[in-house]
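Protein chains: 2
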Amino acid sequence: MNESYKKLIDHFGKLAHIEHALTFLQWDHMVMMPPGGNSSRSAAIAELTSLHHQQLTSEKTAELLEEAHATTPIEQQSIKEMRREYQQAICLPDDLVRAQSLAGSKCEHDWRGQRQENDWNGFLHNFKEVVSLARQEAQARFDTAITPLDTPYDAMLELYCIGDSAGFIADIFARLRSELPPLIHLVMEQQKTVTKPHFTSPYTLESQKNLSHQLMKSLGFNFDQGRMDVSAHPFSTGCRGDQRITTRFRDNDFLDALLSTAHETGHASYEAGLPEEWDNLPIGRARNLSLHESQSLLFEKQIFLSAPFLRHFTSFIHKHLPTTSTYCGRQIRDAAISVQPSYIRVEADEVTYPLHIILRFEIEKELINGVIKADDIPELWDQKMQEYLGLSTKDNYKDGCMQDMHWTDGSFGYFPSYTMGALNSAQFFATIKKANPNWKNNLDAGDISFATQWLHENIWSKASSMDAQEIIIAATGEKTNADFFINHLNERYIKNLY
Amino acid sequence: MNESYKKLIDHFGKLAHIEHALTFLQWDHMVMMPPGGNSSRSAAIAELTSLHHQQLTSEKTAELLEEAHATTPIEQQSIKEMRREYQQAICLPDDLVRAQSLAGSKCEHDWRGQRQENDWNGFLHNFKEVVSLARQEAQARFDTAITPLDTPYDAMLELYCIGDSAGFIADIFARLRSELPPLIHLVMEQQKTVTKPHFTSPYTLESQKNLSHQLMKSLGFNFDQGRMDVSAHPFSTGCRGDQRITTRFRDNDFLDALLSTAHETGHASYEAGLPEEWDNLPIGRARNLSLHESQSLLFEKQIFLSAPFLRHFTSFIHKHLPTTSTYCGRQIRDAAISVQPSYIRVEADEVTYPLHIILRFEIEKELINGVIKADDIPELWDQKMQEYLGLSTKDNYKDGCMQDMHWTDGSFGYFPSYTMGALNSAQFFATIKKANPNWKNNLDAGDISFATQWLHENIWSKASSMDAQEIIIAATGEKTNADFFINHLNERYIKNLY
Numbered sequence: 011m012n013e014s015y016k017k018l019i020d021h022f023g024k025l026a027h028i029e030h031a032l033t034f035l036q037w038d039h040m041v042m043m044p045p046g047g048n049s050s051r052s053a054a055i056a057e058l059t060s061l062h063h064q065q066l067t068s069e070k071t072a073e074l075l076e077e078a079h080a081t082t083p084i085e086q087q088s089i090k091e092m093r094r095e096y097q098q099a100i101c102l103p104d105d106l107v108r109a110q111s112l113a114g115s116k117c118e119h120d121w122r123g124q125r126q127e128n129d130w131n132g133f134l135h136n137f138k139e140v141v142s143l144a145r146q147e148a149q150a151r152f153d154t155a156i157t158p159l160d161t162p163y164d165a166m167l168e169l170y171c172i173g174d175s176a177g178f179i180a181d182i183f184a185r186l187r188s189e190l191p192p193l194i195h196l197v198m199e200q201q202k203t204v205t206k207p208h209f210t211s212p213y214t215l216e217s218q219k220n221l222s223h224q225l226m227k228s229l230g231f232n233f234d235q236g237r238m239d240v241s242a243h244p245f246s247t248g249c250r251g252d253q254r255i256t257t258r259f260r261d262n263d264f265l266d267a268l269l270s271t272a273h274e275t276g277h278a279s280y281e282a283g284l285p286e287e288w289d290n291l292p293i294g295r296a297r298n299l300s301l302h303e304s305q306s307l308l309f310e311k312q313i314f315l316s317a318p319f320l321r322h323f324t325s326f327i328h329k330h331l332p333t334t335s336t337y338c339g340r341q342i343r344d345a346a347i348s349v350q351p352s353y354i355r356v357e358a359d360e361v362t363y364p365l366h367i368i369l370r371f372e373i374e375k376e377l378i379n380g381v382i383k384a385d386d387i388p389e390l391w392d393q394k395m396q397e398y399l400g401l402s403t404k405d406n407y408k409d410g411c412m413q414d415m416h417w418t419d420g421s422f423g424y425f426p427s428y429t430m431g432a433l434n435s436a437q438f439f440a441t442i443k444k445a446n447p448n449w450k451n452n453l454d455a456g457d458i459s460f461a462t463q464w465l466h467e468n469i470w471s472k473a474s475s476m477d478a479q480e481i482i483i484a485a486t487g488e489k490t491n492a493d494f495f496i497n498h499l500n501e502r503y504i505k506n507l508y
Numbered sequence: 011m012n013e014s015y016k017k018l019i020d021h022f023g024k025l026a027h028i029e030h031a032l033t034f035l036q037w038d039h040m041v042m043m044p045p046g047g048n049s050s051r052s053a054a055i056a057e058l059t060s061l062h063h064q065q066l067t068s069e070k071t072a073e074l075l076e077e078a079h080a081t082t083p084i085e086q087q088s089i090k091e092m093r094r095e096y097q098q099a100i101c102l103p104d105d106l107v108r109a110q111s112l113a114g115s116k117c118e119h120d121w122r123g124q125r126q127e128n129d130w131n132g133f134l135h136n137f138k139e140v141v142s143l144a145r146q147e148a149q150a151r152f153d154t155a156i157t158p159l160d161t162p163y164d165a166m167l168e169l170y171c172i173g174d175s176a177g178f179i180a181d182i183f184a185r186l187r188s189e190l191p192p193l194i195h196l197v198m199e200q201q202k203t204v205t206k207p208h209f210t211s212p213y214t215l216e217s218q219k220n221l222s223h224q225l226m227k228s229l230g231f232n233f234d235q236g237r238m239d240v241s242a243h244p245f246s247t248g249c250r251g252d253q254r255i256t257t258r259f260r261d262n263d264f265l266d267a268l269l270s271t272a273h274e275t276g277h278a279s280y281e282a283g284l285p286e287e288w289d290n291l292p293i294g295r296a297r298n299l300s301l302h303e304s305q306s307l308l309f310e311k312q313i314f315l316s317a318p319f320l321r322h323f324t325s326f327i328h329k330h331l332p333t334t335s336t337y338c339g340r341q342i343r344d345a346a347i348s349v350q351p352s353y354i355r356v357e358a359d360e361v362t363y364p365l366h367i368i369l370r371f372e373i374e375k376e377l378i379n380g381v382i383k384a385d386d387i388p389e390l391w392d393q394k395m396q397e398y399l400g401l402s403t404k405d406n407y408k409d410g411c412m413q414d415m416h417w418t419d420g421s422f423g424y425f426p427s428y429t430m431g432a433l434n435s436a437q438f439f440a441t442i443k444k445a446n447p448n449w450k451n452n453l454d455a456g457d458i459s460f461a462t463q464w465l466h467e468n469i470w471s472k473a474s475s476m477d478a479q480e481i482i483i484a485a486t487g488e489k490t491n492a493d494f495f496i497n498h499l500n501e502r503y504i505k506n507l508y
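So the protein lines, in turn, are chains A and B.
Be aware that the first sequence starts at 11, since it is given in our numbering, and climbs by one per residue.
Be aware that the second sequence starts at 11, since it is given in our numbering, and climbs by one per residue.
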């Protein structure tokens, strides 16, 4: 390692300490802070964010990047990722960032009330400004991208799904759009004959917490290097040696917390499995949100919801929530894998979920590329919901285009990562099963180490040392391919294989 | 407010945001963080501490202080406190600070094992370096103090008890040293006739937590602006709108947690009562540790341990810990105010406690001023323990001079604040009672607002706008005077008045 590269490592290490502070101040904000702390906390977070931005975009960073010479391919990749991080931070004019922060905060804040009121026109007033600024952002990112891109929307995708172009995603989504509706129809016909249990007993917070702890242990979470808490919306965050996930507990639905817990444990496992030697460096980060989501969905859908694992885990459910003993493992699983088209994305099952995402992807792509206007959204939404899921959202904005927070603060390009993650998780798990013919017996015994070992070796340890599709090809032999996901749905929901 | 002063306010406001981050990263470290997070957290705290020190001691601070003009007496005092903060940060050479940090960490770390092993010689090896560096620190602070001081030890006192010189403290302590031993003898004679209950039932964490919550509510704590958690050693910290205290729960002794809770609630109430208009400025901070301790001891000893309040609160103890119902309020209080000389400071009652402090004050004063050597400590400790409390610590280092953490990292000058706080709390509460002849009835009804209103008006709202003894004189008509404390002990322990 030469001196110029060493200086870069030190510089990014200092930035990482500020990121560490921000990480845990934000965690505390969501999980621990009493309401009275809001104003001091917001001011401190704004100050540290600005300090971090100043240091990342400083002359010093530019000089160090200019002078840096790599002596190995890994160092070369490491410097490339540093350049990208610098570029993504410096490419936006300060005025734009400030205007976006103000417009985004206002739109998101007002949206909470407007959604309740089904007030599209009120929302539209703020949202037009958010869209206008997001288009400027996309254009600025497009103009300065270190590798050429097809459209401004592609530049937004880079923030969440780097490595997957809008064209690549569109091709994959086109196939799902045509294959999923008939499949959903078939699954629903088949599930008609199943009587699903309705869980209504109140389950205490304490016993559900203990059950979630047990699930995390079963999934390999190390409580010496992390913790689980409660928050309004489940999330995961943390740093080396300190992964923190949160779950939400509903007193009449124990499955909701278990699915969230499995999901967030997947995110945390990816972070915990990143190589220690690249700590605090851009090359050491999780590759992108699609891969992140592939890990959480692999833990949640491929492992936890699989018939053998859930059968195994039912004994813990019965133990911690004794009133569930009236339901056998089969009945609990029937409730967990029930398929039903619905208006709300976050409540959708794994078969209908991708259609919610495809709809949003198609709309936001055209919106950011200037093909449609914000005013056009409700009609498009209604059309697509009817076509994909057979539900109309005419005049129903709050259960339609106003249901998500993502667009309110300008996070366009985020949605596709959910479904790209679902496809990748099916592709990874198919490869894992092929490499481990004994997988069903392992899951039956609650042993998932065959999966986590493979993930560690093929995904987690790669961090950002390769491009996303390079990682996927090296791990599975091919790029993201929707076959695996469609096959998974057929095996689980039509053939009832697992 | 002129422009030059406004710039200073902005500058110190930015420093406060970094202090905010440090406050909550440290809280998290003590209360929430899993062991695996230690190394990242320590690095982040070191980086932010260094960033804060750089910004506080920067050319910019010096220039802004140079240019600042006050237009009111309050602005004048505000700038004076900023100067003091700047001076206290810049007066030590970087080499010395680094050497102290290393020597202090090593001495404290090794001490944990050495104390267990009663290994004085092992400890002495590290401790000599700590003392040598502390003497250099004291000399540097003495040489650059903004108001002239009598001895180098006085410069260390400024960090904890600013406003009280070593000479002033020594005079007060001399009186306690002569009056307390005969008083202790008398109290013990009187308490011989009382049969004290021994609490041994295991009390669950959950029920003790609920009881502590109730106590905090009774003492006026606002849970929208703070929280209570568990940690190995009780402490309090926080910021405007977010006061955080911790308590420790022993399963066989519910009084321990209640005393800690009352104590830390006193600290938190002082912080919460500081004037909002001076937030983030040195003038807006609590005046010194002696006054801070006076507030915690006022809540703990003057209010909670008073016969009428504890009688009132016994109904909550009985409610949350039903097995305590076999003890009446009188018996619980007898256990709480039992007096007995012992080796360990942190377990001492309020009558013997000051003698533990006086012993430490006398030794550390001579040690820092170069009159004695570190080697002399065990013999002096043994002599003084025999003289003040009738106990020998010969060859018993672990229950003698090795029992406290304070000296291990060089925090000389801290100890006197405990007893100066006890004296001030008695002086304040005597004044409060005089101004509110109905005080006993109020405490009997669990209403302490007569006390908190007085404290808010006379202590909390003053922050650092006056010197410590000026605040005490304005509030009580005279300087710190040991009469009030001695009178309090006589009334409580000899005359059994409350």
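There's no promise every hint is true.
Identical copies look the same in the list; a pair holds intra-copy or inter-copy alike.
What the hints assert, rightly or not - With a straight-line cut-off of 20 angstroms between C-alpha atoms, the simulated EDC-like cross-links for lysine to aspartate or glutamate are:
1. K489 - D477
2. K404 - E467
3. K17 - E57
4. K219 - D239
5. K16 - E57
6. K24 - E57
7. K404 - D385
8. K16 - D385
9. K394 - E216
10. K219 - D414
11. K116 - E127
12. K408 - E357
13. K329 - E77
FYI, nobody ran anything at the bench for these hints, they're computed from the structure.
As the structure is a computational prediction, the values presented were derived from the model and not from experiment.
Do the hints match the structure? See the list:
{"no.": "1", "hint": "K489 - D477", "result": "within (11 angstroms within a copy, 72 angstroms between copies)"}
{"no.": "2", "hint": "K404 - E467", "result": "neither (48 angstroms within a copy, 60 angstroms between copies)"}
{"no.": "3", "hint": "K17 - E57", "result": "between (25 angstroms within a copy, 16 angstroms between copies)"}
{"no.": "4", "hint": "K219 - D239", "result": "both (9 angstroms within a copy, 18 angstroms between copies)"}
{"no.": "5", "hint": "K16 - E57", "result": "between (28 angstroms within a copy, 18 angstroms between copies)"}
{"no.": "6", "hint": "K24 - E57", "result": "both (16 angstroms within a copy, 7 angstroms between copies)"}
{"no.": "7", "hint": "K404 - D385", "result": "within (14 angstroms within a copy, 86 angstroms between copies)"}
{"no.": "8", "hint": "K16 - D385", "result": "neither (52 angstroms within a copy, 46 angstroms between copies)"}
{"no.": "9", "hint": "K394 - E216", "result": "neither (42 angstroms within a copy, 52 angstroms between copies)"}
{"no.": "10", "hint": "K219 - D414", "result": "neither (28 angstroms within a copy, 39 angstroms between copies)"}
{"no.": "11", "hint": "K116 - E127", "result": "within (17 angstroms within a copy, 61 angstroms between copies)"}
{"no.": "12", "hint": "K408 - E357", "result": "within (14 angstroms within a copy, 61 angstroms between copies)"}
{"no.": "13", "hint": "K329 - E77", "result": "neither (61 angstroms within a copy, 71 angstroms between copies)"}
When each numbered hint is compared with the structure, violations occur for hints 2, 8, 9, 10 and 13.
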